[in-house]
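2 protein chains.
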Amino acid sequence: MKLEGKVLVAQGGGPTAVINQSLVGAVLESRKFQQVTKVYGAINGVAGIINEDFIDLTQETTHNLEQVAKTPSSALFSTRDKPDEKYCKEMFDVMRAHDIRYFFYIGGNDSADTVRIVNEYAEISGYEFRAIHIPKTIDNDLTVNDHTPGYGSAAKFVSQAFIGINLDVRALPGIYIGIVMGRHAGFLTAASSLAQKYPDDGPHLIYLPERPFSLEKFIQDVKKVYDRYGRCIVAVSEGIADETGTPIAVKLMKHIEKDAHGNVNLSGGSLGQLLADHVKEKLNIKRVRSDTFGYLQRSFIGCVSDVDQHEAREVGEKAAQFAIWHNLDGSITIHRTGYYSVDYRLTNLHEVAGKTKIMPDEFINREGNNVTDAFKFYARPLLGTDMPSADRLRAPKVPKILKKE
Amino acid sequence: MKLEGKVLVAQGGGPTAVINQSLVGAVLESRKFQQVTKVYGAINGVAGIINEDFIDLTQETTHNLEQVAKTPSSALFSTRDKPDEKYCKEMFDVMRAHDIRYFFYIGGNDSADTVRIVNEYAEISGYEFRAIHIPKTIDNDLTVNDHTPGYGSAAKFVSQAFIGINLDVRALPGIYIGIVMGRHAGFLTAASSLAQKYPDDGPHLIYLPERPFSLEKFIQDVKKVYDRYGRCIVAVSEGIADETGTPIAVKLMKHIEKDAHGNVNLSGGSLGQLLADHVKEKLNIKRVRSDTFGYLQRSFIGCVSDVDQHEAREVGEKAAQFAIWHNLDGSITIHRTGYYSVDYRLTNLHEVAGKTKIMPDEFINREGNNVTDAFKFYARPLLGTDMPSADRLRAPKVPKILKKE
Numbered sequence: 001m002k003l004e005g006k007v008l009v010a011q012g013g014g015p016t017a018v019i020n021q022s023l024v025g026a027v028l029e030s031r032k033f034q035q036v037t038k039v040y041g042a043i044n045g046v047a048g049i050i051n052e053d054f055i056d057l058t059q060e061t062t063h064n065l066e067q068v069a070k071t072p073s074s075a076l077f078s079t080r081d082k083p084d085e086k087y088c089k090e091m092f093d094v095m096r097a098h099d100i101r102y103f104f105y106i107g108g109n110d111s112a113d114t115v116r117i118v119n120e121y122a123e124i125s126g127y128e129f130r131a132i133h134i135p136k137t138i139d140n141d142l143t144v145n146d147h148t149p150g151y152g153s154a155a156k157f158v159s160q161a162f163i164g165i166n167l168d169v170r171a172l173p174g175i176y177i178g179i180v181m182g183r184h185a186g187f188l189t190a191a192s193s194l195a196q197k198y199p200d201d202g203p204h205l206i207y208l209p210e211r212p213f214s215l216e217k218f219i220q221d222v223k224k225v226y227d228r229y230g231r232c233i234v235a236v237s238e239g240i241a242d243e244t245g246t247p248i249a250v251k252l253m254k255h256i257e258k259d260a261h262g263n264v265n266l267s268g269g270s271l272g273q274l275l276a277d278h279v280k281e282k283l284n285i286k287r288v289r290s291d292t293f294g295y296l297q298r299s300f301i302g303c304v305s306d307v308d309q310h311e312a313r314e315v316g317e318k319a320a321q322f323a324i325w326h327n328l329d330g331s332i333t334i335h336r337t338g339y340y341s342v343d344y345r346l347t348n349l350h351e352v353a354g355k356t357k358i359m360p361d362e363f364i365n366r367e368g369n370n371v372t373d374a375f376k377f378y379a380r381p382l383l384g385t386d387m388p389s390a391d392r393l394r395a396p397k398v399p400k401i402l403k404k405e
Numbered sequence: 001m002k003l004e005g006k007v008l009v010a011q012g013g014g015p016t017a018v019i020n021q022s023l024v025g026a027v028l029e030s031r032k033f034q035q036v037t038k039v040y041g042a043i044n045g046v047a048g049i050i051n052e053d054f055i056d057l058t059q060e061t062t063h064n065l066e067q068v069a070k071t072p073s074s075a076l077f078s079t080r081d082k083p084d085e086k087y088c089k090e091m092f093d094v095m096r097a098h099d100i101r102y103f104f105y106i107g108g109n110d111s112a113d114t115v116r117i118v119n120e121y122a123e124i125s126g127y128e129f130r131a132i133h134i135p136k137t138i139d140n141d142l143t144v145n146d147h148t149p150g151y152g153s154a155a156k157f158v159s160q161a162f163i164g165i166n167l168d169v170r171a172l173p174g175i176y177i178g179i180v181m182g183r184h185a186g187f188l189t190a191a192s193s194l195a196q197k198y199p200d201d202g203p204h205l206i207y208l209p210e211r212p213f214s215l216e217k218f219i220q221d222v223k224k225v226y227d228r229y230g231r232c233i234v235a236v237s238e239g240i241a242d243e244t245g246t247p248i249a250v251k252l253m254k255h256i257e258k259d260a261h262g263n264v265n266l267s268g269g270s271l272g273q274l275l276a277d278h279v280k281e282k283l284n285i286k287r288v289r290s291d292t293f294g295y296l297q298r299s300f301i302g303c304v305s306d307v308d309q310h311e312a313r314e315v316g317e318k319a320a321q322f323a324i325w326h327n328l329d330g331s332i333t334i335h336r337t338g339y340y341s342v343d344y345r346l347t348n349l350h351e352v353a354g355k356t357k358i359m360p361d362e363f364i365n366r367e368g369n370n371v372t373d374a375f376k377f378y379a380r381p382l383l384g385t386d387m388p389s390a391d392r393l394r395a396p397k398v399p400k401i402l403k404k405e
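Which chain is which? The protein sequence lines are A and B, in order.
One point on numbering: in full-length UniProt numbering, the residue at position 7 of the first sequence is 7, and numbering is uninterrupted.
One point on numbering: in full-length UniProt numbering, the residue at position 112 of the second sequence is 112, and numbering is uninterrupted.
Chain A on its own, in the form it takes in the complex:
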């Protein structure tokens, strides 16, 4: 029984370097099926569905789709709307009016939840409808999945950034603190560890939201590394908090306020700057620098993992196949089958929707200030086959003649 009708694809949440691979995979695969009358794209994710802002991707050239696939960030644009029941009902009404029978939503765990609710309306209404969630998030925090499309490329950016920082801080020594995205899951920050090649390479310390952060311990850790190497490179998740769940930035602001007898910091100094100031003050080290990687890490063009690209493409294609070929609903999930190989399965939406995965204990060291080799083994293949590498001079020292001082 072939279900005839239209396909609708949408993209939600933050951009990734490979989110358009999934879009193009779903579109091109859908266009191959005779029962698919049109392939639409919704502009601005779920918001575009409510507003009937559709474009007809059946009329897009295959070549341009391939060019778009290589371009980072949602080509259909995105939204931060998190639909409630009423919103989902409206979405469903619009889709029914347009004879949309297949809905593919590329996004994170909130997007999976949207797909779940819309699908329930279709079932209640007796409307024949297939809905599939296509995974995407640089946070790598979707349950069931071994990892998620978008993570590998962002991880590659973070790792390449820290390779450069290693070289920079080795040439001009000091302390460096890099703030990486990740409010709840530390996977992206942990990817900084893949910048290590030589035994004294940084990041020497990695702080993740999965572990409570202590300012006292942090200063001790930094001092220990600095005393040993004359430099210290630190990767910090933006989401670090203390044992009570208070964000460290808030905590440091309070310290400052207290010191200044009630004066308020109005510009909301960044976590990186606050940590750098704290280190300067406590350790009396002059050269302490920080960067907040910010938006660069999630949509940087030209820094993409080929493995991530391939997988993002396939989850898009798989969505079309499961829905149109097999008449199934669900969430596409990635499963590791070898080192390194993967397979794609269809998982019940309930198992992914609205849930968050964090770093497992075996990926974090006992002290809670670094990752384990198990994490590196897990993450390395996701960065792809063309990671650049740094090399050092190894020439022998020349004996001194004047031997002053």
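Do not rely on the hints blindly, as some may be mistaken.
To be verified - Below, computed lysine to aspartate or glutamate pairings styled on DMTMM-like, alpha-carbon distance capped at 20 Å:
1. K400/A - D99/B
2. K70/A - D201/B
3. K286/B - E367/A
4. K38/A - E4/A
5. K400/B - E367/A
6. K224/A - E367/A
Said to hold, decoys possible - FRET-style restraints, in silico, Cβ to Cβ:
7. S214/B - R228/A: 25 to 31 Å
8. L328/A - E367/B: 41 to 47 Å
9. P360/B - K286/A: 32 to 38 Å
10. K197/A - D227/B: 48 to 54 Å
11. L3/B - K280/A: 47 to 53 Å
12. I401/B - K82/A: 46 to 52 Å
13. L402/B - N327/A: 23 to 29 Å
14. E85/A - S214/B: 22 to 28 Å
15. I401/B - T246/A: 49 to 55 Å
Hints in this document: simulated from the structure, not taken from any laboratory.
This structure is a prediction, so every number in the text was calculated from the model and none was measured.
We put the CB at the ideal spot given by N, CA and C, even for glycine.
Position chain B relative to chain A; hints supplied.
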């Protein structure tokens, strides 16, 4: 008359993505001359010369040198020391003790000045000595030179970053402010303009240290762009200042202090954050974001201009040839001979040492909030032959059926 003796190479100042190309060019070319007895490298620039911290690069494998050439940031490490006369005299004494007859210093205008002073000591002392400055700076601010090695690769990073930001802010609209390095010269910030492909692409506004910055005009400019496109992307040099020369960050801090009746901002909120807060307050726009590109832009591995690589290599080789083959002193300078071709000349150290070039007037638009096509024409070839490109969907809109609201 062949001058027999040792070669010494050193690197100074901030790192670039191609500074080791110049090092390896100078080392490999020097090793070809029979009158060169050894090729030394000074660890930590001029500081390493004072301390006799040399390594013997004659004993480095050619293959490893080639690997190091592809690695960003000074492989010999660097220093922020700016030698005075006494310091230069000490450097000269050490070099004489080690029978160093050829000195190549890779760096900016301060490094050129060091070379100049050391060379004067050699002349006064009647010591046969050739000293050459090899240009390097991401700021692109050396006089005489059409451009400088290191600039093209940093410019490529900035341009690629803004391509991603364009896509990101188009998918999730708002205002974005990116702070780029450059205290006195705006060349690196101006390179953001090369991210523009489509007519509505950003950065829509570019503010350079060459023009006084007015907060009122800035808000007007941003509003105009935002009203037109529903988004606004801004590139700002870290060095912007008002007509009196007061840095804008300092000025904004004072605004905040005044508003808060004397409360002091202790964490020194970044320029980007301060500008973003200012826009939020004045235009009442919710989504205003900022990034400070920071250290990522000068040593990011895997984002390098091939043109920059070739030129950095050649200025290193040329230094060795001018000094050893022709017995000359000076600064290697790059001259544009076609579109796009260059030639290298030897320039008197006095013409480069301690001097700073800024953006010429014809590169900046009349309003002082963007660059001209003349700049883009100038800068584009320096980014190299493999700049990635962003593509957009062009599918037609679907007519609405429900036409709600």
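Going through the hints against the structure:
1. Distance restraint check for K400/A and D99/B: the Cα-Cα separation of roughly 12 Å lies within the 20 Å cut-off, and the hinted pair is therefore satisfied.
2. For the proposed pair K70/A and D201/B, the alpha carbon gap of about 18 Å is at most 20 Å, so the pair holds.
3. Taken as a hint, the K286/B and E367/A pair is broken in the structure, with Cα atoms around 40 Å apart against an allowance of 20 Å.
4. Taken as a hint, the K38/A and E4/A pair is honoured in the structure, with Cα atoms around 10 Å apart against an allowance of 20 Å.
5. With a CA separation close to 58 Å, the supplied pair K400/B and E367/A exceeds the 20 Å bound.
6. Among the hinted pairs, K224/A with E367/A is consistent with the structure: their alpha-carbon atoms are about 13 Å apart, no more than 20 Å.
7. For S214/B paired with R228/A, a C-beta distance near 49 Å fails the hint of 25 to 31 Å.
8. Judged by the Cβ atoms, the range 41 to 47 Å given for L328/A and E367/B is violated: they are separated by roughly 57 Å.
9. Checked against the hint of 32 to 38 Å, the C-beta distance between P360/B and K286/A comes to roughly 37 Å, which is consistent with it.
10. At roughly 50 Å, the beta-carbon separation of K197/A and D227/B lies within the given 48 to 54 Å, and the hint holds.
11. Between L3/B and K280/A the C-beta distance comes to about 48 Å, which sits within the given range of 47 to 53 Å.
12. Taking the beta carbon of each, I401/B and K82/A are about 26 Å apart, not inside 46 to 52 Å as hinted.
13. One distance hint, 23 to 29 Å for the beta-carbon pair L402/B and N327/A, holds here, with the actual separation near 27 Å.
14. Between E85/A and S214/B the C-beta distance comes to about 50 Å, which lies outside the given range of 22 to 28 Å.
15. For I401/B paired with T246/A, a C-beta distance near 50 Å keeps the hint of 49 to 55 Å intact.
In summary, the numbered hints that this structure violates are 3, 5, 7, 8, 12 and 14.
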